[in-house]
Structures are given as structure tokens and as C-alpha cells.
Amino acid sequence: DVKVTQSSRYLVKRTGEKVFLECVQDMDHENMFWYRQDPGLGLRLIYFSYDVKMKEKGDIPEGYSVSREKKERFSLILESASTNQTSMYLCASSPLGGGTEAFFGQGTRLTVV
Amino acid sequence: QKEVEQNSGPLSVPEGAIASLNCTYSDRVSQSFFWYRQYSGKSPELIMSIYSNGDKEDGRFTAQLNKASQYVSLLIRDSQPSDSATYLCAVRLGYGQNFVFGPGTRLSVLP
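These protein sequence lines are chains A and B, in that order.
Quick note on numbering: the first sequence equals residues 2 to 114 in our numbering.
Quick note on numbering: the second sequence equals residues 5 to 115 in our numbering.
Because the hints were derived from the structure by calculation, they are not lab data.
Where is the CB? At the ideal position from N, CA and C, for every residue including glycine.
Treat the hints with care, since some could be wrong.
Claimed, not checked - Simulated crosslink set (SDA-like; lysine to any residue; CA at most 25 Å straight-line):
id : chain 1 : residue 1 : chain 2 : residue 2
1  : B       : K60       : B       : V33
2  : B       : K46       : A       : Q38
3  : B       : K46       : A       : Y11
4  : A       : K56       : A       : L46
5  : A       : K58       : B       : D31
6  : B       : K46       : A       : M89
7  : A       : K19       : A       : V53
8  : A       : K56       : B       : V33
9  : A       : K72       : A       : F21
10 : B       : K46       : A       : Q7
11 : A       : K58       : B       : E7
12 : A       : K56       : B       : K60
13 : B       : K46       : A       : V53
14 : B       : K60       : A       : G100
Said to hold, decoys possible - Label pairs and their calculated CB-CB ranges:
id : chain 1 : residue 1 : chain 2 : residue 2 : range
15 : B       : D62       : A       : V13       : 36 to 42 Å
16 : A       : T87       : B       : L50       : 25 to 31 Å
17 : B       : K46       : A       : G17       : 42 to 48 Å
Stated by the list, open to error - Which chain A residues face chain B? A few, computed with CB under 10 Å, are given here:
id : residue
18 : G41
19 : L42
20 : G43
21 : R45
22 : Y51
23 : D60
24 : M89
25 : T101
26 : G108
27 : R110
Just chain B, same shape as in the assembly (with noise of 0.2 Å):
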């Protein structure tokens, strides 16, 4: 069973604040990796993707892979109250393969 897991949430940060979403996943063959960001009522919106170790920026957004370690975390920088919403881990284990989301970590920013 290909598992992906999240920090369980609810996570509140203050505006302005950084918050750190995590995610580990199972299966070692993993290619790429994706955060989406779902508001309450609507459907997933791709955030990062992210295929190798290290860290990828864009904006107030850096994604960072360790496959040695399993691991992928996203970071929020200044965070907004506009960025209160569930953030879901996916990993795609390669090519034609599915996608395995894991549950989901929601967060609260606090004006």
C-alpha cells in the first residue's frame, strides 16, 4: 500500500508568519511530488511540484525534497489569511502512474 502522510492539523500561524506543512511518503520509486491547495467547498489547485532534492522557490513558496529521507515539506512565508485553506501532499510514482494524495493538513492564518 502506497501511504502518504501529513502533519495532522490544524496548524495556526499568525499573519505574517511562516508556516511549515510536512509530508513523508512510502514508496521509494516516488518521481514527483506536488502540493495542492484546496479552499473549503472547491476543488485541489496545483501549489509546487518538485522532482528533485533541494529546494524550489516561487514567491512567498519554497518546496523542499529529500528523497533519502522521504520527505517533502512546502513553506509559506508571510503568510496571509487568504492562504487559510487545506493543503494536500500528492506523490506520482512516475510515468502513466496515479497519483496518491495524503490527507491533508489545514491551516488557520490569523489576522
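This is chain A alone, in the form it adopts within the complex (with noise of 0.2 Å):
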């Protein structure tokens, strides 16, 4: 069974703390993505990595930075945490391979205050 892990379920942090949201990946994918979903918006992707210490910009990347040093985790940095970041944040994986599904970790719901 593919399994994708992040570090916290819930999280609760402050206005401009700097916060790090863990993914790890035991599946030895080579894709793994950062989105996040808030109601009536959808699935909106922060940032995507297809390899180690790749990445590249997704829709929201504004406010968000990734890190990619190992190639069964990746990291997602809130430089300096703003309440409109509050929000659910998923982690998937997938392989390289087009016909292949993304899966999800259980994700880590962000409170800001």
C-alpha cells in the first residue's frame, strides 16, 4: 500500500511564524505535489517537485516556498504565516508515468490566529 505521511494533522500557529509542513513518501515516487483546498475553491496546487531539489510554481505559490533534499519527502514552508493561510493543506505523491493516479496524504488543517 502506497503511503503518504504529513507530520501533523492539525496546526496552530501565530501570524509571521515561519511554519514547515512535512509530506514523506514510501512509495519512491518521483512526483510530489502541495495544494491547498478551501470550500468552494477547490484543489488549487501550491508547488510540484518531479525529482530531487526540483521544483516548479503552481497556481498559489505566492506566500509558500518548498524544499525537496530527499526524494521521499517534501517539505512546505509558510515564510511568515498570514490568517488567509488558514486552510487544508494535502500533500500527494505519484510516479512519473501520465496514466498514474496521485495519492493523497491525510492532510494537515492550518489554523493562523
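Starting from two chains that each stand alone, build the complex the way the hints lay out.
Here it is, written out as C-alpha cells:
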């Protein structure tokens, strides 16, 4: 079974804090993704990575950065958390092949106060 | 801008009926198509994937793809209350590409 594990299920942070969301997958997948999900807006891609140290901006990268130093780990960093970054954050991974699906972690519900 | 649209919900059907969920996509080079189910507060889980024109059946679920019309659908036969969830349509352009998700359609199956 593919396992994608996010470090926290719920997180509460203060405005201005630097926040790290960690994601680890155990299936040797090349691709990893960070999405945020907000009511009425669906899943929006923040960043994705197709290889170690490689990253591509998604639709809403502002205020975020990512790090992929090892193949199995993809970190999302909120440089200075703001209340409009309160959201559900979902990490996913997939093999490179176009016909394969994305496997999701359990999600992190982040609240910025 | 690559877009994926889904029929607006919420969609309510009685138990035992057929639920029909629709999705259209804007990028003609899209290669792979996926339907995910998401229960409230949970992460999306894959129900069906489809890559070729036509129908693909898996139990009570049937996915239909028409690339000429840029349309993909999901039929749920004999709907059960446990099918009540948000259904997300996702499209992948190809090798190494990311996934583009639709906004989701919320389905309620009434006992």
C-alpha cells in the first residue's frame, strides 16, 4: 500500500511565524505535490516537484516555498504565516508515468491566528 | 489556464437511484482522467481512472470518456447513503505533469 504521511493533522500557528509542513512517501515516487483546499475553491496547486531539488510553481505559490532534499520528503514552508493561509493542506505523490494517479496524505488543517 | 469544470451541486438522489456526475476540461492534450471521492474532513481517495474513449466499469461505478467533446462522467448505480461525499474530477496532461482538479460536486444520497 502506498503511504503518504503528513507530519501533523491539526496545527495552530501565530501570524508572522515560519511554518513547516512535512510530507513523506514510501513508494519511491518521483512526483510530489502540495495543494491547499478551501471551500468553494477546490484543490489548488501550490508547488510540485518531479525530482530531488527540482520544483515548479503551481497556481498559488505566493507566500510559500518548498524543499526537496531527499526523494521521499517534500516540505512546504510558510515564510511568514498570515490569516489568509488558514486552510487544509494536502500533500500527494505519484510516479512519473502519465497514467498513474496521485496518492494523498491525510491532510493538515492549519489555522493561523 | 488549464481548467476543469464540474456540474454544480449539491446533487441529491434517493437511495437506489443512479447518480450522474459530469466534468469538462479545457486542454485537449490531457491524457489521463481520474475520479476521486472525498468525505468531509478526509483526504481524496481514488475511485476510477480512465484513459481511453468509452466506458469503464468497476462495480457500481462507471466512468465515461469522450475526448472529442472533452467530457468525462461518473455514474453511480444503486446509490447508497455511504456514497454521500464530494466527488472530484482530475485531469493529468501527461508524463511527469501535475494534476488539475475540478471544484468538486457534493452528492447526497437520501435514505
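Can the hint on M89 (chain A) be confirmed by a CB-to-CB distance to chain B that is less than 10 Å?
9 Å, holds
Grab the minimum C-beta distance from G41 (chain A) to chain B and call the hint holds if it beats 10 Å, violated otherwise.
Holds. Min distance 7 Å.
Keeping to a limit of 25 Å between CA atoms, is the pair of K46 (chain B) and V53 (chain A) held or broken?
Violated, at about 28 Å.
Does D31 (chain B) lie within 25 Å of K58 (chain A) when you go C-alpha to C-alpha?
Answer holds: K58 (chain A) to D31 (chain B) is near 19 Å, not above 25 Å.
Cut-off 10 Å, beta-carbon criterion: hint that G108 (chain A) touches chain B:
Nearest chain B Cβ about 5 Å off; hint holds.
Holds or violated: is the Cβ of Y51 (chain A) closer than 10 Å to a Cβ in chain B?
5 Å, holds
Under the criterion of a CB-CB separation shorter than 10 Å, is L42 (chain A) in contact with chain B as hinted?
Given a least distance of 7 Å, the restraint on L42 (chain A) holds.
Is K60 (chain B) close enough to V33 (chain B), meaning Cα to Cα at most 25 Å?
The given pair, whose Cα atoms are some 20 Å apart, holds under the 25 Å limit.
With respect to the beta-carbon atoms only, verify the hint that K46 (chain B) and G17 (chain A) lie 42 to 48 Å apart.
Since K46 (chain B) and G17 (chain A) have Cβ atoms about 31 Å apart, the given range 42 to 48 Å is violated.
Verify the proposed pairing of K46 (chain B) with Q7 (chain A), using a straight-line Cα cut of 25 Å.
Given that 25 Å is the threshold and the Cα spacing comes to 13 Å, the pair holds.
Straight-line alpha-carbon gap K56 (chain A) to K60 (chain B), limit 25 Å:
Violated: K56 (chain A) and K60 (chain B) sit about 34 Å apart, past 25 Å.
Is the Cα-Cα distance between K46 (chain B) and Q38 (chain A) 25 Å or less?
Cα-Cα ~11 Å, so holds.
Violated hints, listed in ascending order, are 12, 13 and 17; each of the other numbered hints is respected by the structure.
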